[in-house]
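Student: Take the sequences, apply the hints, and build the full model.
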Amino acid sequence: QLQLQESGPGLVKPSETLSLTCTVSGGSISSSTYYWGWIRQPPGKGLEWIGSIDFSGSTSYNPALRGRGTLSVDTSNNKFSLKLSPVAAADTALYYCARRVTLQPFDYWGQGTLVTVSS
Amino acid sequence: DIQMTQSPSTLSASVGDRVTITCRASQSIVNWLAWYQQKPGKAPKLLIYKSSSLKSGVPSRFSGSGSGTEFTLTISSLQSDDFATYYCQQYNSYLWTFGQGTKVDIK
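Taken in sequence, the protein lines are chains A and P. Going letter by letter, the first sequence gives residues 1 to 119 in my numbering. Going letter by letter, the second sequence gives residues 120 to 226 in my numbering.
Any given hint could turn out to be false.
[To be verified] Computed from the model, here is a short list of chain A residues facing chain P with C-beta under 10 Å:
no.: 1; residue: PRO42
no.: 2; residue: SER56
no.: 3; residue: THR92
no.: 4; residue: LEU103
no.: 5; residue: PRO105
no.: 6; residue: VAL117
[Stated by the list, open to error] Below, in silico cross-link-like pairs of lysine to aspartate or glutamate (DMTMM-like), each with a Cα-Cα straight-line distance of 20 Å or less:
no.: 7; chain 1: P; residue 1: LYS158; chain 2: A; residue 2: GLU48
no.: 8; chain 1: A; residue 1: LYS45; chain 2: P; residue 2: ASP136
no.: 9; chain 1: P; residue 1: LYS161; chain 2: A; residue 2: ASP107
no.: 10; chain 1: A; residue 1: LYS79; chain 2: A; residue 2: ASP107
no.: 11; chain 1: P; residue 1: LYS164; chain 2: A; residue 2: GLU48
no.: 12; chain 1: P; residue 1: LYS164; chain 2: A; residue 2: ASP107
Since the hints were derived computationally from the structure, they do not count as laboratory data. Treat the numbers as computed from the prediction; the structure is a model and nothing was measured. The C-beta atom is built at its ideal place from N, Cα and C for all residues, glycine as well.
Tutor: See below:
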């Protein structure tokens, strides 16, 4: 059974960098048919897709991030990561990592990790 | 960007009721639409993909329909486990967008 687990600091200061990692277990991150993504959810609000990456490192991002996001993949350790910089209070959210298969929506999700942006 | 609009935002219903949620896209997404269920403190759970395909293990009381810009999620007989928030999501364009959510609560 595929499992995804987010990890990273729960508190980030404004103007600094948010860094999160998603560790994948129960399956390989290197499959050519898999895409790995990040989705966030501000407290009490809806879902926002942040970006996606495949095993080769090919990426796509939500333009609403205004170029602040960077995704990377570490196939040796079956992990992928998100960096968001600089952050502001509006970036406070529950951050989820997830997997999708080609031409399919996200079918496996991590449990989510809350990141608060505050001084 | 493709905008997704769900209606209603909140729906009050009783166990056994037939429930329908609508999702409209600002332009055609063919049938590249998914429905998710989210319970408080939990990650979204995929219910339906490609507008009407039921994910394995999802109860058959859930069904989806539609194409182009108009889509619906129907729960044929609401169960106590179904009280949750439901989101539609389009994956037609590279910029994936979600609807704002429909909360189904107890009448």
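Student: A separate judgement is required for each hint: does it hold in the structure or not?
Tutor: So, going through the hints one by one against the coordinates:
Given the 10 Å rule on beta carbons, the hint for PRO42/A is violated: about 12 Å separates it from the nearest Cβ of chain P. Because the smallest distance between the Cβ of SER56/A and any Cβ of chain P comes to about 16 Å, over 10 Å, the interface hint for this residue is violated. Interface restraint check for THR92/A: the shortest CB-CB distance to chain P comes to about 17 Å, outside 10 Å, so the restraint is violated. For the restraint placing LEU103/A at the interface with chain P, the shortest Cβ-Cβ distance is roughly 8 Å, inside the 10 Å limit, so the hint holds.
Of the supplied interface hints, the one on PRO105/A holds, with its beta-carbon coming within about 4 Å of a beta-carbon of chain P, less than 10 Å. A hinted interface residue such as VAL117/A counts as satisfied when its beta carbon comes closer than 10 Å to some beta carbon of chain P; here the least separation is about 21 Å, so the hint is violated. For the given pair, LYS158/P sits about 17 Å from GLU48/A by alpha-carbon distance, which is consistent with the 20 Å threshold. With a C-alpha separation of about 26 Å, the suggested pair LYS45/A and ASP136/P falls outside the 20 Å cut-off, and the hint is violated.
Restraint check: the Cα-Cα separation between LYS161/P and ASP107/A comes to about 14 Å, which is no more than 20 Å; the hinted pair holds. Simply put, LYS79/A and ASP107/A have alpha-carbon atoms about 17 Å apart, close enough for the 20 Å limit, and the pair holds. For the hint linking LYS164/P to GLU48/A, the alpha-carbon distance of about 15 Å falls within 20 Å, and the restraint holds. Straight-line distance between C-alpha atoms of LYS164/P and ASP107/A comes to about 7 Å, which keeps the hinted pair within the 20 Å bound.
Consistency note: the structure conflicts with the earlier hints numbered 1, 2, 3, 6 and 8.
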